[in-house]
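Visitor: Sequences are here, hints too, so could you generate the full structure?
Now for the letters of each chain:
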Amino acid sequence: MVKLDKKDLRKSWRTWAMYHLSSMSFEKLEANGFAHSMVPILKKLYKDNPEEYKKALIRHSVFYNTEPQSGSIVNGIVASMEEERANGKEITDEMIHSVKTGLMGPIAGMGDSIIQGIVIPVLLSIGMGISSNGNPLGVIVYMVGFLATILSLSYVLYMRGYQLGISAVDGLIGINSEKLRNAFAVLGTMVVGGLAASFVNINTILKIPNGEESIDFQKTIDGFFPKLLPLLAVLLCWYLISKRKWSATKILILLICISIAGVLLNVF
Amino acid sequence: MDGLLLLQAFLIGLFCYLGSISSPWLMGVTGGYYVLGRPLVAGLIIGIILGDVTTGVILGVAVQAAFIATISTGGTQNSEITYAAYGGIALGILSDASPGVAVTLSVGIGALGLILHNFMMIINSIWNKRVEKATAKGDEKGIVLNNAIYPQIVNFLLRVVPITLAVYYGQGFVTKTLDVIPKDVIQIMTVLGGLLPALGVALLMNLLIKENAQFIYFLAGFVFIAFISNSMIALTAVALLIAYLVYSSSSGQKANAEDEVI
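Note that the protein sequences, when read in sequence, are chains A and B.
Counting from 543, one number per residue, gives the positions in the first sequence under this note's numbering.
Counting from 6, one number per residue, gives the positions in the second sequence under this note's numbering.
What the hints contain is simulated information worked out from the structure, not anything from laboratory work.
Being a predicted model, the structure only gives us computed values, none of them experimental.
Be aware that a few hints might be false.
As the list claims (entries may be wrong) - With a straight-line Cα cutoff of 25 Å, these simulated PhoX-like cross-link-like pairs (lysine-lysine) come out:
{"#": "1", "chain 1": "A", "residue 1": "Lys585", "chain 2": "A", "residue 2": "Lys596"}
{"#": "2", "chain 1": "B", "residue 1": "Lys215", "chain 2": "A", "residue 2": "Lys721"}
{"#": "3", "chain 1": "B", "residue 1": "Lys138", "chain 2": "A", "residue 2": "Lys586"}
{"#": "4", "chain 1": "B", "residue 1": "Lys134", "chain 2": "A", "residue 2": "Lys585"}
{"#": "5", "chain 1": "B", "residue 1": "Lys146", "chain 2": "A", "residue 2": "Lys548"}
{"#": "6", "chain 1": "B", "residue 1": "Lys188", "chain 2": "A", "residue 2": "Lys787"}
{"#": "7", "chain 1": "A", "residue 1": "Lys585", "chain 2": "B", "residue 2": "Lys142"}
{"#": "8", "chain 1": "A", "residue 1": "Lys549", "chain 2": "B", "residue 2": "Lys146"}
{"#": "9", "chain 1": "A", "residue 1": "Lys589", "chain 2": "B", "residue 2": "Lys142"}
{"#": "10", "chain 1": "A", "residue 1": "Lys585", "chain 2": "B", "residue 2": "Lys146"}
{"#": "11", "chain 1": "A", "residue 1": "Lys586", "chain 2": "B", "residue 2": "Lys181"}
{"#": "12", "chain 1": "A", "residue 1": "Lys749", "chain 2": "B", "residue 2": "Lys215"}
{"#": "13", "chain 1": "B", "residue 1": "Lys138", "chain 2": "A", "residue 2": "Lys553"}
{"#": "14", "chain 1": "A", "residue 1": "Lys597", "chain 2": "A", "residue 2": "Lys585"}
{"#": "15", "chain 1": "B", "residue 1": "Lys138", "chain 2": "A", "residue 2": "Lys585"}
{"#": "16", "chain 1": "B", "residue 1": "Lys146", "chain 2": "A", "residue 2": "Lys597"}
{"#": "17", "chain 1": "A", "residue 1": "Lys631", "chain 2": "A", "residue 2": "Lys586"}
{"#": "18", "chain 1": "B", "residue 1": "Lys138", "chain 2": "A", "residue 2": "Lys589"}
{"#": "19", "chain 1": "A", "residue 1": "Lys596", "chain 2": "B", "residue 2": "Lys142"}
Claimed, not checked - Now the stretches of chain B that chain A is said to cover, found in silico as 3 or more residues with beta-carbon under 8 Å:
{"#": "20", "region": "96-108"}
{"#": "21", "region": "135-142"}
{"#": "22", "region": "162-168"}
{"#": "23", "region": "172-184"}
{"#": "24", "region": "238-252"}
Where a beta carbon is used, it is the ideal one built from N, C-alpha and C, also for glycine.
Guide: Pasting the structure below:
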């Protein structure tokens, strides 16, 4: 009976938290990072069985990619499955592969929308608000806020994954987690709407002739819908990405063209 | 040869490396890419290195605004944010550029940086092959060297060398160019700096919105900031409430559906 102790688990988490993307390539992404994080676990479990040790390392070198910070839960689950397997429980290669491939998609979707879609932009906007006059305090708020939240989240998720083992899988991809994902998507979408209104910035200098005088067109717009032009700019980009499948680079070039034309024609 | 500037340029290059997406040394992406790699943080660090914290932070906020919604889920990048932040903000401070110009410098440098980043990912395939061999032999040292150390030497060189050179030699070039270019071009850069976040926002929307009807949540968030209050904290609190209502109402429906089955 071999048992993993807290030290092995901590080392495995730390290895994952550091090296998940350190040899990222187009075909492997986080595959080697995953295998690397399993080294402390497998070395303990198969220390008297070099053949099994090799096989286990090969098992964990297949393509893998997820949101790495929340994805630490998968490493925890797999560590517990490897432990059971080493202790003679019937756990096949296929079971381990299907847990990894079954979880990496949903966790990437949820982790990316929460961390990149909500946590980072919200913390950044708070920091930017404090720092807009050059005060470094806002930067420090962002750094401390992000590190404290995400490092503890990643650690807790790894340990939780290890405790629950394979039984965590149902909770992560069941109906309940889909409802949770939808709720987070609502939260994220609203926050992104706010980001658009805060940070997209475009004003027209067009003037409407009105007898002797002229009226600023921008003032007219502000009167009934402030930030209407930024909204239209976002809608145009969104339409081109989601419906026309334009690449980000193509849209960047379009935005450059709009800026040039707009300034030369005295619109912006 | 300006020894101090060279040292400053090197330090900026070093932080550009530490903040890169694949640098492991500060707990992977957590302390690297998502902290040091953000333009807001880069602005403070460059400000400290160049001895002008206030300007650094102000330019950091401006460049961060353009990259506010930058996401890194495969294939959606148009600019590598860490090269963009360190190259653009440093040259912006050194050439006394306006925030709008610093944003445009960042976007340009980020586009070049993306080429270098993709080059690194291709080179990494070689190290990946060597990890595979080490794995097949159960060679732990080989895994560590080829997953963690060798790829990072390449990453280090691809970040530190170009950024150091760009900052060291770029200052005079950028200052001279800004002196001679017409006012219209500066205005175009400023307009572009304001438009760029629209692209990042659209990419995030593409990630979050699965049905067209969900656009209503985006619109609600937008008009909240545009009409009611300019506070992201207030909006987040309201959005949490609505997300909770969505969650609890959808669990009601599912429970009913299960009851019917029974």
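Visitor: Hints first: check each against the structure and report whether it holds.
Guide: Okay, the hints, checked on the actual structure:
1. A:Lys585 x A:Lys596: holds, 10 Å
2. B:Lys215 x A:Lys721: holds, 14 Å
3. B:Lys138 x A:Lys586: holds, 22 Å
4. B:Lys134 x A:Lys585: holds, 22 Å
5. B:Lys146 x A:Lys548: The given pair, whose Cα atoms are some 23 Å apart, holds under the 25 Å limit.
6. B:Lys188 x A:Lys787: violated, 35 Å
7. A:Lys585 x B:Lys142: With a Cα-Cα distance of about 14 Å, the restraint between Lys585 (chain A) and Lys142 (chain B) holds, given a limit of 25 Å.
8. A:Lys549 x B:Lys146: With a Cα-Cα distance of about 20 Å, the restraint between Lys549 (chain A) and Lys146 (chain B) holds, given a limit of 25 Å.
9. A:Lys589 x B:Lys142: holds, 15 Å
10. A:Lys585 x B:Lys146: Holds, at about 12 Å.
11. A:Lys586 x B:Lys181: Status violated; Cα separation ~62 Å.
12. A:Lys749 x B:Lys215: Roughly 40 Å between the alpha carbons, so the hint for Lys749 (chain A) and Lys215 (chain B) is violated.
13. B:Lys138 x A:Lys553: Within the cut-off at roughly 24 Å; holds.
14. A:Lys597 x A:Lys585: holds, 12 Å
15. B:Lys138 x A:Lys585: Roughly 18 Å between the alpha carbons, so the hint for Lys138 (chain B) and Lys585 (chain A) holds.
16. B:Lys146 x A:Lys597: With a Cα-Cα distance of about 17 Å, the restraint between Lys146 (chain B) and Lys597 (chain A) holds, given a limit of 25 Å.
17. A:Lys631 x A:Lys586: holds, 17 Å
18. B:Lys138 x A:Lys589: holds, 20 Å
19. A:Lys596 x B:Lys142: holds, 7 Å
20. 96-108: violated (count 0)
21. 135-142: n = 5 at 8 Å, threshold three: holds.
22. 162-168: As far as the region 162-168 of chain B goes, the hint is violated, because 0 residues have Cβ atoms under 8 Å from chain A.
23. 172-184: violated (count 0)
24. 238-252: holds (count 11)
Against the hints set out earlier in the document, violations occur for numbers 6, 11, 12, 20, 22 and 23.
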